[in-house]
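Asker: Chain H is already provided as a structure; the job is to place chains E, D, U and V on it using the hints.
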Amino acid sequence: MDDEPLICLPGQRLCLCDKTYTSGQGTYERQGYIYSQLAGYVDIVEKDGVKIVEVHSSGEQTVVPAQGDIVTAQISIITQAYAKCFIKCVGDTVLRRPFRAIIRKEDVRATEKDRVEIYKSFRPGDIVLGRVLPITEAHVYQLTTAENELGVVIAHSERGHPMVPISWTEMQCSKTFIKEQRKVAKVLPEKISKDFMQSSK
Amino acid sequence: MAEQYKSLHPVKYYRDYLSHNIRPDGRVFDTFRPVILNTGSIDTADGSALSKLGQTTVVCGIKAELCKPKAESPNKGFVVPNLDLPPLCSPKFRPGPPSDQAQVLSQLINDIIENSQCIDLTDLCIFPDKLAWCLYIDFICLDFDGSVVDACIIALVGALKTVKLPFVDYDAALDNIQVNLENTRPLPVHSIPVSTTFAIFDDKIILADPTVEEENLCTGIIVIVLKDDELCCVHKPGGSPLSSDELLGCIEKSKKKVPLMRDLLKTALQDVG
Amino acid sequence: MPIDHKRINGPEDTLPYQLFTKLNRKSLEQKYKELVQDGKRHDSRAPLEHRKIFMKTGVVSQAKGSAYIEVEKTKVMVSVFDPREIPNRQDYSLKGEIYCEFKFAPFSCEKRRLHQLDAEEKQYSQIMKKALEATVCRHEFPNFQVDIYALVLHNDGSALSAAITAAGLALSHAGVPMYDLITSATLGIQKDTILIDPTTIEERICRTPFWKEKEDNEHGLVVLSMLHTHNQVAQFYQSGSISLDKLPHLIETLEKACADTIPVIQQCLVKHVIKTIKKSSNVIEV
Amino acid sequence: MSNIRKTIVSNCEKTFLLKNLAEFNRLDGRAFDEFRKVEIEFGSDWGCCFVSLGKTKVIAQVSCEIQQPKSSRPGEGILNLNVELNPIAAPHFEADRQSNEQVQLNRLLEKCLKDSKAIDLESLCIKNNEKVWAIRVDINVLNHEGNILDCASIAALAALAHFRRPDVTCDGEEFVIHSIKQKDPIPMVIHHYPVCITYSVFNSGLYILADPTLLEENVADAFLSIGLNAYKELCGLHLGGKADLSPEIIIQTANKAAARASSVVQQIKDAIEQNNEIRREQKDGFCRLANKRDPVELVEELSVYLDQWSTKKKKNKRKSKEPKDEQIEQEVKEPDITADIKPLVAGTAVLVPKENDDGDAIKVWDTSESEDDAVEFVELPHPKVETVDIADTDSEEEAVIVLNADQKTKKRKKRLT
Amino acid sequence: MEATKYRCNLDILSRPDGSVLFCEGKTTVIAGLYGPVEVKIQKAHIDKATVDCHYRPKSGLPGVEDRLYESFIRNTCETSLVAALFPRSAVLIMLQEMQNDKQLISCAVNAACMACLSSGIDMKFMFGAVTAFLTKDEELVLTPPIIDKDIKALFVIVFESTEGRILACHTEGCFSKEQFNQAVSICEAQCINVFKFFKQTLLDNK
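Residue numbers (full-length UniProt numbering), protein chains in the order written: chain H, 1 to 201; chain E, 1 to 273; chain D, 1 to 286; chain U, 1 to 417; chain V, 1 to 206.
I should point out that these hints are in silico values taken from the structure, not numbers from a laboratory. Some hints here could point you the wrong way.
Claimed, not checked - Derived coverage of chain D by chain H (criterion: at least 3 residues anywhere in the stretch with Cβ under 8 Å from a Cβ of chain H; other residues may be distant):
(1) 78-85
(2) 168-177
Claimed, not checked - Computed far set for chain V versus chain U, every beta-carbon distance over 10 Å:
(3) D122
(4) M126
(5) S176
(6) K177
(7) A189
(8) L202
Stated by the list, open to error - Okay, derived cross-link-like pairs now, DSBU-like style, lysine-lysine, Cα gap no bigger than 30 Å in a straight line:
(9) D:K111 to E:K161
(10) E:K92 to D:K129
(11) E:K164 to E:K76
(12) E:K76 to V:K152
(13) E:K266 to D:K73
What you are looking at is a predicted structure, and each value in this text was computed from that prediction instead of being measured. Beta carbons are placed, not taken as given, at the ideal position from N, Cα and C, and that holds for glycine.
One chain only, chain H, in its complex shape (with noise of 0.2 Å):
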């Protein structure tokens, strides 16, 4: 970042849209121009020879889960043929409201899908990350785990205590050390479960 960011509002004209320049995230281009559509500083991103003008909010964005955004969730119900969830952040952001989505048994693992079981994948208040899938239906968001890096991070044993991954189909309870069958992520980023494992001693 520069030392004096360059302020911008909603509305505010920025530069010529060309060849060198094109509109970015937080900006929209009208009759050869980009404007902002956001309070925040400007930013320049080149890509391919070409200058990305965008515009950053200065507080908490305001966002919704696109398409391939990796997204962190909590699992509400699940049944035999889906898991019901709520998308809770998007990337690194954390929404003040949750948005509901859904996780089809087809879309849990990447192998062997037919003998996909539900309950042995997620239970109720499961945290998982997941991959936003195109949306087809109008409503719900729906969710992929078909990857290694994707599916159950945190998750509580039926006696309420954190469970540890020890496979990628199984976490054991830290307290009573009974294991559970989820559809356990690969990577779990250092901090997240350095902090848990902390809390939770």
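Answerer: Coordinates of chains E, D, U and V only, in the frame set by chain H:
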């Protein structure tokens, strides 16, 4: 990262803080948030005040209207308090009729007004069985960040102190009402109730003046209202059980707040004159 | 009036005491004359002078974005919330929706307002919605709804304009993508007198048709909202009866008033942006 | 949403019930025209009574306040009835929500008690055009085991008959309300005692069951509710549902209901009498209920009912154990109701197919609603006076005030802070 | 001091899973409980049962005042029920006022506890409520004074049965801290009788 942690596991987030004897907003368990009181700034109301308790903001406006007293109590006026929790003040609330929470709090405030006897209903009578004042006391929460009752009671007292009622001449024979706007009198306020909210966290830690997050995560709420040295409300609607010593401890803590509130009110009203 | 079982009810019928005051019954003619005396209005403003505006963002901590506007005595709070799923919606809409609610606090006007939205409030909500739809990039949040709530704490005229201006500020504060900054202004007209930013008393005089029988019984209120950079009209509302010939002049006057408000909004937003940037850079440094 | 927590009547329950009806048996062992036991208890407050009709239980409370009379009836008091279907009575009832069922019950009760002019409203007037007593009857349904209407009508009537309002005296200008301790309260003036008697209709009137239970109500094609007083005067008749009944059946049923009505009214009067005597000694009210153990209350098992059933059968005739087509005709003549009906419907009713879908209670109610127009009214013994809706005139008055308010406030001087 | 007389009739209603007619002195309340039953989706919790309470006055429609009672009883029941056992379901507690002799709240709380007990739903502990009255002569009594005006303050205190801690508390009127303390201790003593009565009733009903 902390944000996400808080969003996904709020209870643990809080426990981590509280285990170090501090609350996420930097207060220790017993401290109250700063209080701001502004009085008489809305002149369409007959009395008004705005109170801020940390972020929690409540505006109280009093409108006086004339009406006929009830046949059962011909020498009493009316006080009609209502708390509105509009969708403006928090994403928790939806437009429409008052939520259960708003109703419960309205009634609690009504009880406090009644129990503390801060308004003597006979003061509101103009002519027995014929004419009396009806005070519509409307509270609107502008920012819902916990301990709303406390903020309401502060605003209530501030607003009551600014009420000025015009003189009314009532001719019983002709049933004629004459209002004299030039000549007004203040409403006698007989006591100053001071309310304190406590939250019980994890069945044992008692937090004074909780924020909305603390209220959501806690396992019980206590509201204690004092007027001078007397108690006029100890309201604990369920939640984690407490020993009587713990409850008395809360009363002791809230007692300390009384002189502070009294001074605040005095200072606030001085400027209005 | 049916009893509301979800509120504490007072006695059945109460009357405002103002009904029984000794009124110095001035004729309408006289009132009109007193509207502007020696080129000054009752609050010693010139007819085309706007009252001072104070604006602040971030007044509601629980909301995504919020703004407070004070036009001398008129005080309005607006809060804006994150997009949410549209309740009971069956079909897919490419553009997001805006939900507006404009409410007068019960004690904000001379006559006590009831808690339920009345016809006037519903109409104002609609006007506000239309005005804001023009400035919000609704395609950025398809199938979602942004809630905007405006609450008038004290009404001393031109409350709708104040609410629209504040809502624009609150939306921008909330980080909702917008095409432009929006400002709004009100104007009252009675016969030949044109008053910018009328107070409650002036509004009332302008609303009443005084000389019904005469031909030039022009009277009424005009509210205009403008998009600043693109210089486009976002909303136009007129009540009463105004001749078509006069309209261009009125619009011109209002446009100017709208433009005059822009610096206040800009200042307020820039202040907010600087503050948050400082805060975040502080965090990074630490 | 109203279907949440709704108990569904299964097809086998339905067929079982209908099969039993074909053999002239009811599941609880009652005869077709037999009613469940009515019990009336009064509380310590005036005008409070708890009525059970079998296991259906209702509490009614009468309250009064002084109001301005309706401008169309300046010399009459006001009577309001309000039935509440609480979730305590059945889990699918929702609190604070007017269901169709509730509206219908309210209307039927109003027809029976209010429109029949059973209560003397003129005696409730304190000062013409100024002050009258407004009487309100709140009927809270506590347990829904069928036939709420009858139970509620008994409760409402008993409560009204028991109620006493405080005395009011007037010394020229002032009205003084005397508390109950100061002056003896005044009972209501009741011209006649009307109650509702409900029947369930199966197979277009082939079987008509008095005082239906919950299951019978849900399976029945229609219900016939007759408002009657002890003098055999009709106070409202309502046929809801989808049965094609011949007028003769209705009249015959109404005749039978008349006998029932007079016995119920007698019971109400006796209960009040008895209560008045008890009141002198103790004022415990409902506390008596606490230690009361009604053996019938504890009967829960179906087997017990079945025992009863067989004993009843024995009384009837041994023959019924071999149900043969010809024999039914003979058997039919035993209980008097069926004997009444049989000849009328013979031939037509036999092959009416019974509804086999899961048409539960709601359905029955709904259809009855849509057929409201088809409801047959039998002329009331008292001339029915048209109630003029005064809402219009009222609101006009209000509007005038509001207008004035606006204009006057305009001239109000601005107050300084 | 005359002891308050408790009387009750269990399972007075056939529809609810548990019901009771409960008398405390002359105050009488009928309570019924359904649960766990189906819950509206908007109200469902993923980790526990939703506890809902409906209080009905015997005359008039329930108003704002009754909402306060409802929330008081609802929260008390929610704390004592093991709600975590029935996620995504509802427990409905319904109360009907029958007769009021100034001990309505405590009677309603006790009736709610009896209804829970009679339905057999899992509970962490029993709860019992006692009403104490402070008269104009600054005297604490458990039996309601005959004249309303003699009451200076009123205390309703709810205790749990395991350690005798205060579960809920509601007061009306003004009083000193010492008087409150005193009221707590006399209520505590009386509450033992309430629990005794609960246990005896359940034994008798076997």
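Asker: Give a verdict on every hint.
Answerer: Evaluated hints:
no.: 1; hint: 78-85; result: holds (count 5)
no.: 2; hint: 168-177; result: holds (count 6)
no.: 3; hint: D122; result: 19 Å, holds
no.: 4; hint: M126; result: 19 Å, holds
no.: 5; hint: S176; result: 32 Å, holds
no.: 6; hint: K177; result: 36 Å, holds
no.: 7; hint: A189; result: 23 Å, holds
no.: 8; hint: L202; result: 15 Å, holds
no.: 9; hint: D:K111 to E:K161; result: 21 Å, holds
no.: 10; hint: E:K92 to D:K129; result: 22 Å, holds
no.: 11; hint: E:K164 to E:K76; result: 18 Å, holds
no.: 12; hint: E:K76 to V:K152; result: 19 Å, holds
no.: 13; hint: E:K266 to D:K73; result: 25 Å, holds
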